Amino acid sequence: MNIVVVGLSHKTASVEIREKVAFAPNRMEKPLKELAGLPDINEGLIVSTCNRVEIYASTHDIAGGMARVKRFLADFHNISLDVLEPHLYSHHGEAAIRHLFRVASSLDSMVVGEPQILGQIKTAYGYAAEYKTSGIILNRFLHKAFSVAKRVRTETKIASSAVSVSFAAVELAKKIFGDLTDKTVMLIGAGEMCELAAKHFLNNGVRGVMVTNRTYERAERLAEEFDGRAVRFEDLFDHLHKADIILSSTGATHFIIGAKDVEAVIHRRRQKPMFFIDIAVPRDIDPKVNDVENVYLYDMDDLQGVVSSNLQLRAEEAKKAEGIIDQEIGRFFNWLSLLEVTPTIVALRTRFEEVRQAELAKTVAGWKDLPPDGQKRLEALTSAITNKLLHPPTNLLKRTGQGGRTDLYVDALRQLFELETVAPQEENLDDLEE
Amino acid sequence: MNALLFYSTLGIYCIATFIYLVYLLKPREILGRSAHWLIAAGFLIHCTFTVIRYIEAGHTPITNLHESLSFFSLAVVGVFIAFERKYHVFILGSFVTPLAFLLLLASSLHSSAIPLLPPALKSKWLLVHSSLAFLSYATFAVAFGAAIMYLIQEHFLKKKRLGPLYQKLPSLVILDEINYRCLTFGFPLLTIAIITGAIWAETAWGTYWSWDPKETWSLITWFIYAALLHGRLTTGWRGKRAAMLSIIGFCVMLFTFLGVNLLPSASLHSYDRLLGEKYR
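Here the protein sequences come in this chain order: W and X.
Under numbering that gives the first Met the number 0, the letters of the first sequence match residues 0 to 433, in that order.
Under numbering that gives the first Met the number 0, the letters of the second sequence match residues 0 to 279, in that order.
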């Protein structure tokens, strides 16, 4: 039995292609049942997010299974396979296992370490479980992927630091203020970046928002949007002391807030810390403000610096994560191989035993002057022969279980000795791992 | 038996300090957790040691450098555990436990023989005055640790160097809060210690205040922390300024405790030396 994956992602396909092959989240029954109903496909699972569409399946026939899945993906969405093919990647065996482990651990994401993907895979698995298109192999595979992702998350710092400017600002604020729930944000000027950052602060529990703008109407409009209050631009310094976090992005060509202003404000606040975030280019706030005690000023470059060093950190942590995945692949692959090996060994031994018993019975029946202990000795002789003969192949199969050409041997044995295929049973699989 | 308790405490503090220092460099949460439980176990053994010592000696074991350094260390660990539990910052241990370990190590270098008490020390005030004094010292020691952490973290934030240690250290507000809480516990304790000391001095030496070096330096320490508390409550001295003052206060306090004993002019409080000459 083999695991295959066929799919495309932000790395191989543009959004135009991705949206064409996306599966609607609430209508998964039809595609899943169709997929699992394909010949050669035993189990199926569909992961569909805005960045990737992937189909996992278990099959006995790697090449045939992959071709069928590709065809299914194209036909289901009424696209020509010729158009789709260049964007598709497909893996089987160890590579397929590695692929899912990396995707679930967010190593293959657009922003490495982003946490959503794991939830999306869990949802996808939920559908497969609901419509019973996943069986023992995919069940075990997905659970393993979840535990690998969890291990990566707890043992590396892959997701621990902000990788967008506005998140970086929120994290910095948390290091200054601890809890943000009783803090007030002031927006000076408007701009997409500024509003996005304000939204992040609100999501993190900031209590109040003040908005000021050279055009008072715009300030009012924005204040309404954030459920805050508008302040006239001329009155900025009468209100500044009420703000803990200041987001500034005006189109001013000179500094609108200087160190002297901030000194007065901080005195009025009885030294309660202030965090200025200057997103404007050219800058709105004199860099000397950062020298005022209990005041922290970060401009766009500083925040970019934080983000890029965090990205670097994530890249380093991703290496550790790959190491963890390597270990886990070994374990899972082992399990998967033994899944095939054990029934084959059992079948092989049964076959030998049947032949031995049959031949023994024949011989004993036709032997008139068999000495009293003759049957016992024949028993011993024949079972010694079969055991000796079976010992090397059994050992070889068990050893190749640790990543090797198990399939080859299993197939050869089945054909050479005309073994019946025995479906593995779930209950006696657990003790096979490790 | 009691020596065994003492050295096991020393050993545990040593290992816990080591783990806390490793925790500073490695991000594993398990390190902080295990160091925390280890230091708590060490604290219990240390308590047992101190109680047994009290029973064996027949007086509060804060009479010579061996005893008082050990008691100081015990108090630091006790106060630290309380704050660590309250604020859930294991990393505080990386800054405070080394101090507790060094204090106990210093204690181990002094003779552990039970001293004969000079008459002046034979009093119930010994327990009250000395233990309160060391408890206040201990809270200032924790404040000192938090203050150093504050200065490091503040430096990172100002200079925009946001490395792994920055990630590990708690927010400035928490560190400032620990500093403030320590002050609000430590300052009243120190005040009562000084007052009880004066009362005891009156009964023992016949005068409330004799400008003995220890008394003078205690008063200086008291003024520093009083100024800090006043500044905090009125003009909002916080953050860096409070942290610096807290560090200065702790250094002066250490001098009050140790330095005065080493001053050339004999202090009435230099029992260790007196005992060393007369009774050892």
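Treat the hints as calculated values from the structure; they're not laboratory data.
Careful, some of the hints might be misleading.
So these bits of chain X aren't anywhere near chain W, every CB distance computed over 10 Å [what the hints assert, rightly or not]:
no., residue
1, Tyr6
2, Phe17
3, Leu24
4, Leu228
Label-pair restraints from in silico Cβ distances [as the list claims (entries may be wrong)]:
no., chain 1, residue 1, chain 2, residue 2, range
5, W, Asp181, X, Thr183, 41 to 49 Å
6, X, Leu164, W, Glu15, 52 to 60 Å
7, W, Thr122, X, His229, 55 to 63 Å
8, X, Lys158, W, Lys259, 16 to 24 Å
These figures come from a predicted structure and were not determined experimentally.
Beta carbons are placed, not taken as given, at the ideal position from N, Cα and C, and that holds for glycine.
X/Leu24 non-interfacial with respect to chain W [C-beta, more than 10 Å]: Given that every Cβ of chain W is farther than 10 Å from that of X/Leu24, nearest at about 14 Å, it holds.
Would you check whether the claim that X/Tyr6 is not at the interface survives, using Cβ distances to chain W and the 10 Å cut-off? holds, 37 Å
Can the suggested window of 16 to 24 Å be confirmed for the beta-carbon pair X/Lys158 and W/Lys259? holds, 23 Å
Outside-interface status for X/Leu228 - nearest CB in chain W farther than 10 Å: At about 15 Å from chain W, X/Leu228 clears the 10 Å cut-off, so the statement holds.
X/Phe17 clear of chain W by more than 10 Å, beta carbon to beta carbon? holds, 22 Å
Does 52 to 60 Å hold as the CB distance between X/Leu164 and W/Glu15, or does it fail? At 46 Å between Cβs, range violated.
Taking the beta carbons of W/Asp181 and X/Thr183, is their distance inside 41 to 49 Å? At roughly 21 Å between Cβ atoms, X/Thr183 and W/Asp181 fall outside 41 to 49 Å, so the hint is violated.
Per the hint of 55 to 63 Å, is the separation of the Cβ atoms of W/Thr122 and X/His229 within bounds? holds, 59 Å
Checked against the numbered hints above, the structure violates hints 5, 6; every other hint is satisfied.
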